[in-house]
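J.: All chains, full assembly: derive it from the sequences and hints.
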Amino acid sequence: MNPLTPLNPPATRTRPRSGARLRAAAVALAAGALVLSACSSGGGGGGNGGGKDEGPGADKNKASNYSIGTKADSTGPAPEVPGAKKGGTVGVLQRDAFQHLDPGQIYYSDMLANQMLYNRSLTSYKFDDQGKVKLVGDLATDAGASSDGGKTWTFTLKDGIRFEDGSPITSQDVRWGIERLYASFETEGPQYIPQWLSGDGTAFRKALPDGPYKGKHLPSSVLDTPDDKTIVFHFLAPHADAPFATAMPNIGPVKAAKDTQQKYDNAPFSTGPYKVADYKNGKSLTLVRNDQWDPKTDPIRHQYADRFEISVGHQFPDSTRRFLADQGSDKNTMSYTNAVAPEMTQKVLDQPDTKSRRFLEIQPYVDYISFNMDRLKDVKVRKALAYAMPNGQILQQMGGAPAGTIATNYLSPAMDGYKPTDPYGKKAKPAGDTDRARQLLKEAGKEGQEIVFAYANTDTWQKVAVVITQALERAGFKVQKKEIDANTYRSAIAEVKNKFDIYRSSWGADWPVSSTVVPPLFDGRQIADGGQNYGHLDDPAVNKEIDRINAIPDVKKAAPEWQKLADKIFTDDVPGVPTFYNNQFSLWGSNLGGVRYQPVYGVADPTGVYVK
Amino acid sequence: MLRFLARRSLGALVIILLISAITFLLFFALPSQPALMSCGKNCTPDAIAVINKNLGLDQPVPVQYWHYMTGIFMGRDFSVGHCPAPCFGYSFSNQQPVWGTIVDRFPTTLSITLGGAAAFLVVGVGIGMLAAAFRGTWVDKFFSSLSLVGNALQIYFVGVVALAVLVSGLHWMDNPAYYPITRNPGKWFMGMLIPWLVLSIIFIANYSRMTRSQMIEQLGEDHVRTAKAKGLSRRTVFFRYAWRGAMAPIVTIFGIDLGSLFGGAIITEFTFSLHGLGRLAVSSVNETDLPTLMAVMLVGCTAIVVANIVVDAAYALIDPRVRLA
Chain A
58 MNPLTPLNPP
68 ATRTRPRSGA
78 RLRAAAVALA
88 AGALVLSACS
98 SGGGGGGNGG
108 GKDEGPGADK
118 NKASNYSIGT
128 KADSTGPAPE
138 VPGAKKGGTV
148 GVLQRDAFQH
158 LDPGQIYYSD
168 MLANQMLYNR
178 SLTSYKFDDQ
188 GKVKLVGDLA
198 TDAGASSDGG
208 KTWTFTLKDG
218 IRFEDGSPIT
228 SQDVRWGIER
238 LYASFETEGP
248 QYIPQWLSGD
258 GTAFRKALPD
268 GPYKGKHLPS
278 SVLDTPDDKT
288 IVFHFLAPHA
298 DAPFATAMPN
308 IGPVKAAKDT
318 QQKYDNAPFS
328 TGPYKVADYK
338 NGKSLTLVRN
348 DQWDPKTDPI
358 RHQYADRFEI
368 SVGHQFPDST
378 RRFLADQGSD
388 KNTMSYTNAV
398 APEMTQKVLD
408 QPDTKSRRFL
418 EIQPYVDYIS
428 FNMDRLKDVK
438 VRKALAYAMP
448 NGQILQQMGG
458 APAGTIATNY
468 LSPAMDGYKP
478 TDPYGKKAKP
488 AGDTDRARQL
498 LKEAGKEGQE
508 IVFAYANTDT
518 WQKVAVVITQ
528 ALERAGFKVQ
538 KKEIDANTYR
548 SAIAEVKNKF
558 DIYRSSWGAD
568 WPVSSTVVPP
578 LFDGRQIADG
588 GQNYGHLDDP
598 AVNKEIDRIN
608 AIPDVKKAAP
618 EWQKLADKIF
628 TDDVPGVPTF
638 YNNQFSLWGS
648 NLGGVRYQPV
658 YGVADPTGVY
668 VK
Chain B
27 MLRFLARRSL
37 GALVIILLIS
47 AITFLLFFAL
57 PSQPALMSCG
67 KNCTPDAIAV
77 INKNLGLDQP
87 VPVQYWHYMT
97 GIFMGRDFSV
107 GHCPAPCFGY
117 SFSNQQPVWG
127 TIVDRFPTTL
137 SITLGGAAAF
147 LVVGVGIGML
157 AAAFRGTWVD
167 KFFSSLSLVG
177 NALQIYFVGV
187 VALAVLVSGL
197 HWMDNPAYYP
207 ITRNPGKWFM
217 GMLIPWLVLS
227 IIFIANYSRM
237 TRSQMIEQLG
247 EDHVRTAKAK
257 GLSRRTVFFR
267 YAWRGAMAPI
277 VTIFGIDLGS
287 LFGGAIITEF
297 TFSLHGLGRL
307 AVSSVNETDL
317 PTLMAVMLVG
327 CTAIVVANIV
337 VDAAYALIDP
347 RVRLA
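Residue numbers (the numbering used here), protein chains in the order written: chain A, 58 to 669; chain B, 27 to 351.
Everything labelled a hint here was simulated from the structure, so no lab data went into it. Virtual Cβ for every residue (Gly too), placed ideally from N, Cα, C.
Quick list of in silico lysine-lysine cross-link-like pairs, PhoX-like style, CA-CA up to 25 Å:
{"id": "1", "chain 1": "B", "residue 1": "Lys79", "chain 2": "A", "residue 2": "Lys271"}
{"id": "2", "chain 1": "B", "residue 1": "Lys79", "chain 2": "A", "residue 2": "Lys273"}
{"id": "3", "chain 1": "A", "residue 1": "Lys538", "chain 2": "A", "residue 2": "Lys503"}
{"id": "4", "chain 1": "A", "residue 1": "Lys128", "chain 2": "A", "residue 2": "Lys208"}
Sample of chain A residues facing chain B (criterion: CB under 7 Å; computed from the structure):
{"id": "5", "residue": "Asp322"}
{"id": "6", "residue": "Asn338"}
{"id": "7", "residue": "Lys340"}
{"id": "8", "residue": "His371"}
{"id": "9", "residue": "Ala382"}
{"id": "10", "residue": "Gly385"}
T.: The following block contains the structure:
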């Protein structure tokens, strides 16, 4: 499994997948105060999440909302967006430059959103206004068929799918797209499929060290393309969630003749409704209609606007100001990931006309305080910590309700199978249950227990550290604060032999199945320097249960089991406490329609956007 | 004059060469690992080796410097392709020769700099002269206090206020943006107007105060008194005698300001979401894109040195004594 949301300083919290998070700190160092505002925490105002008070996006993240689509669901065209018109130019304002356009290198949310316009993979997510998400075939006719107990997966390509030059997309192109992930320069994308095919870690690269570039290919016993339409994956072990892994942007076709290797990052060859017309790295990207894209083959995307003009370098206050002023070309402008600037939240909420052009939704990212079980061996102490943790106050320091939602258990509401369990009563006592904590500590005979609390030395975390320290000391702990440089924070806490008792960690799932959450966070066999099991939980019963659930061939049946296991770990082992779920608060120009929340990537979806 | 210019240019060349060598060495003295930093989170030792080889980082530093400098004039071949002259290196973060990016960004910086500098020079010196001419009157007091206020302000404050008022509030102007002057001079002018305005508010203060004090000093000089005594008109005395003398130090300061603006008005670019050399410098620090950073620094240094030569020439025109120096 890959580390998905390494610990970003809160500076870039609204885009936890952002690879720019460490770099943001570097810029701050380089350019001083000027960029501090650039990296100040995002998140925005109060909610209009479906008009419900109980929490933004609450409706859109029910377990029943996730399903695997049928062949009919996978057939295009996508349902028309009511009122949509053709024509016009959609502007997109983004804070950070895209690090990659090459679908093979894409992992972070801004680029995930962007690639939806020009790149198609074998499968993808189709969702409606109610937030019901279906995993459907995108280039494939359906979400794939498994055999051999889930070790073999077969996908069939649709008819009429073409590259931007009109040449048909064949299984050979998909093979090329996957085999190039083995090349040494393809380092930044998710590696589930290559690892499942050829071995964990970086071992898979040995199967095809040069990628497909020197004439070698994976044997058909690993990746088979018996005809132009069929792709067969032969995994080393069963993977029930393979159709989710094939929805990552890098599991799609790349035309060999157009594969410029590293330079492909500047000129990806389109399979989607738009193609690259002009790209100035670090500045702007213009996408224009791809006339070879056939809507009848695409169950997800539209091609309403003539062009997308994406411009980067817009800090959150700048984009928010433009959307609020809503004049000139800014009326036709949106952002994939820029959040409403916190200082402008109230203004946005007070301006009535923004009501129809904003959303506030829960992202699939969770913040935790991990407890180092190698040092805190008494479970009563860990439980006391979990009770004492002031989730509400922590969230307040992060920007309040617009920035997140109080977390009550380990899984994000964005996960399939999520249940709003609350074993430590966080909803009722957001400031922490001091009495209960004090009592537990007394029972353990550990009153006055010293806690070494490590956190990154960012502005936000210095504030958060104060509320955590106060809450823990109220409950009878003695807290020793340890500030760590934000650039090295993650590697410091990811050291197994670290000298801290509690520390902040965070995690985002790659797809809404908890097999991408529970094993990396809580499997004792995954404890390693740089790993994600920050609490160092190594419980044979838990490990066994993980294996059992992983082997359930039906993802839907596994989903509630993951929630049960996560709750059991939270109640019995307590390797940490979840603090809040991240939110995305987006605003856009009044002349755009069809802007929706994409719940899997946690971004504003551009594929159905039209100019009014 | 020609000899003066030739001498200055030769000196400038030596300075630029020295700066290039120092900058180059500085990067290697730093504990940075460009290969690792451009490799991403799934990095392998193999990948680092590939990047090292591609960047030429496995060769001795002087050899790398030699290749870099010759590449500027003759072009270079990388394993990823040919980089035509002027080759300022190949950016592995952008996957293209650096020069293309510089050429793309420089016009924005040039526009900000020349327009802004023209505005603050003309208005600043104008205000200073007015204040000097009407010394002690309300005009003087008004402009003096105004420049004091201007001096206390910062671009990231004035810029944001200007955007909030002129663009979002009154809807008088569009958001600042760069349009090529060759394609649409009107749009170029309007797009740059707010940055110029804001830059001049910040800089005017210094220029007006300096002009005022220089003018007052000059107006008290013997040669000005003599000119007055000769019966020359007030205007002639003011402009031909006093002003000319007052300008020399101002031109010197202007050269320095102009040069640093050429290097990239980082804060201005961030405030107005413009993409000039300043932002490029910051993003290349950010991405440990050493080739791009080197090129930006070299272009910036060259601009400063060239601006100084131009200013020296202007200085020589204003004050003939300088040529002898």
